[in-house]
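Novice: In order, the protein sequences belong to chains A and B. The numbering of the first sequence is my numbering, which starts it at 1 and goes up by one. The numbering of the second sequence is my numbering, which starts it at 1001 and goes up by one.
Any given hint could turn out to be false.
Unchecked claim - Within a straight-line C-alpha distance of at most 25 Å, the following computed DSS-like cross-link-like pairs (lysine-lysine) qualify:
(1) 59/A to 214/A
(2) 1053/B to 1035/B
(3) 1053/B to 50/A
(4) 1050/B to 50/A
(5) 50/A to 198/A
(6) 1050/B to 59/A
(7) 59/A to 198/A
(8) 1050/B to 1035/B
(9) 1035/B to 50/A
Honestly, the hints are just simulated from the structure, not real lab data. Computed from a prediction, not measured in an experiment: that's the story for all the values here.
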Amino acid sequence: MPDVFVSKEKTKSSKPKSIITKPKGPERHNLPGHTHNPLAAFCYYPDYVKFVSEDPEEKVVLLLRRHPITNVKWILPAFLMVLAPSFFPVILPYDLLPAGFRIIFPLVWYLITSAFILEEFLSWFFHVNIVTDERIVEVDFFNLVSREITDANIDQIQDVTPRVVGAVRTFFNFGDVVIQTAAAVPLINFEAVPNPDKVARILRESRIEEEQEKLEGRVR
Amino acid sequence: MQDFGSIAPSIFILIKIAVWIFLFTYVLFSGVVIKQVRVMTQTLEVGFEKPIKLIALVHFIVSLTVFILALIIL
Chain A
1 MPDVFVSKEK
11 TKSSKPKSII
21 TKPKGPERHN
31 LPGHTHNPLA
41 AFCYYPDYVK
51 FVSEDPEEKV
61 VLLLRRHPIT
71 NVKWILPAFL
81 MVLAPSFFPV
91 ILPYDLLPAG
101 FRIIFPLVWY
111 LITSAFILEE
121 FLSWFFHVNI
131 VTDERIVEVD
141 FFNLVSREIT
151 DANIDQIQDV
161 TPRVVGAVRT
171 FFNFGDVVIQ
181 TAAAVPLINF
191 EAVPNPDKVA
201 RILRESRIEE
211 EQEKLEGRVR
Chain B
1001 MQDFGSIAPS
1011 IFILIKIAVW
1021 IFLFTYVLFS
1031 GVVIKQVRVM
1041 TQTLEVGFEK
1051 PIKLIALVHF
1061 IVSLTVFILA
1071 LIIL
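Please model the complete structure; the sequences and the hints are all you need to start from.
Specialist: Below, the structure written as structure tokens:
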């Protein structure tokens, strides 16, 4: 008896391609936004980042800091503080002071200046925003003795709004990325980060990737 | 012109003591900075920990040196 219907051979359904291509090894060096500079404010797939509470299988996608131009507000006063001892003989009755005081006062002034510079630099350097393939993390050292770490899962992100306000921010292309989440902390703000539009795009792609993983059952 | 030190020695003694107290407090502060840098680098590692720890250590050594110098020459 002849066959009434012969179905076509089923072709193997190809798995949907991942939107985010996770670079393997040296591939990340060619990605736009990747840098080897540990002082960078924007680094896509950084070479080496480890933070407390990091999952061993977690991959850091983006490391962000405030744009370097935000440091001008303390660099300028620091520069003036460095130059100030040159004017001590003009401002103070320097010739009337004993020799020991004329040596120690500038040294004390430079110690205060170095403490100011060190604290401001450490505050900028260690205040980072991290985007991994699973969550977003904000590490904030308010000062030398206060620390706050906030995180939210990528799939809890409800809204991402990049915000660039002002002439300086527009010119240097940095701004805030406001992230609304369904986590315990409803609002996470990446303050004054470079390329906020790119950050928002990476977060959107991460959310899509996370939803895809859920559908495929690859959720960790 | 006479040196102020011979006219008002008590004022300079007070200033000396104030400078010593300030510098001693500053040495303690720079020790706290070393501790906090260690906490910070344990919280976040980006491959720049050694230079930062070195800067904090140098800062402590310099503050200690200035304190000792102030004890000697003031």
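Novice: For each hint, tell me whether it holds in the structure or not.
Specialist: Hints, one by one, checked against the model:
Distance restraint check for residue 59/A and residue 214/A: the Cα-Cα separation of roughly 17 Å lies within the 25 Å cut-off, and the hinted pair is therefore satisfied. Taking the CA atoms of residue 1053/B and residue 1035/B, the gap is about 10 Å. The hint holds against a cut of 25 Å. Between the alpha carbons of residue 1053/B and residue 50/A the distance comes to roughly 17 Å, so the proposed pair stays at or under 25 Å and holds. A distance of roughly 15 Å separates the Cα atoms of residue 1050/B and residue 50/A; the hinted pair therefore holds under the 25 Å criterion.
At most 25 Å may separate the alpha-carbon atoms for a hinted pair to count; residue 50/A and residue 198/A meet this at roughly 23 Å. Note on residue 1050/B and residue 59/A: the hinted pairing holds, with a Cα-Cα distance of about 23 Å set against a maximum of 25 Å. Note on residue 59/A and residue 198/A: the hinted pairing holds, with a Cα-Cα distance of about 18 Å set against a maximum of 25 Å. This hinted pair checks out: residue 1050/B and residue 1035/B have alpha carbons roughly 14 Å apart, not beyond 25 Å.
A hinted pair counts as satisfied when its Cα atoms are at most 25 Å apart, and residue 1035/B with residue 50/A qualifies at roughly 19 Å.
When each numbered hint is compared with the structure, no violation occurs for any of them.
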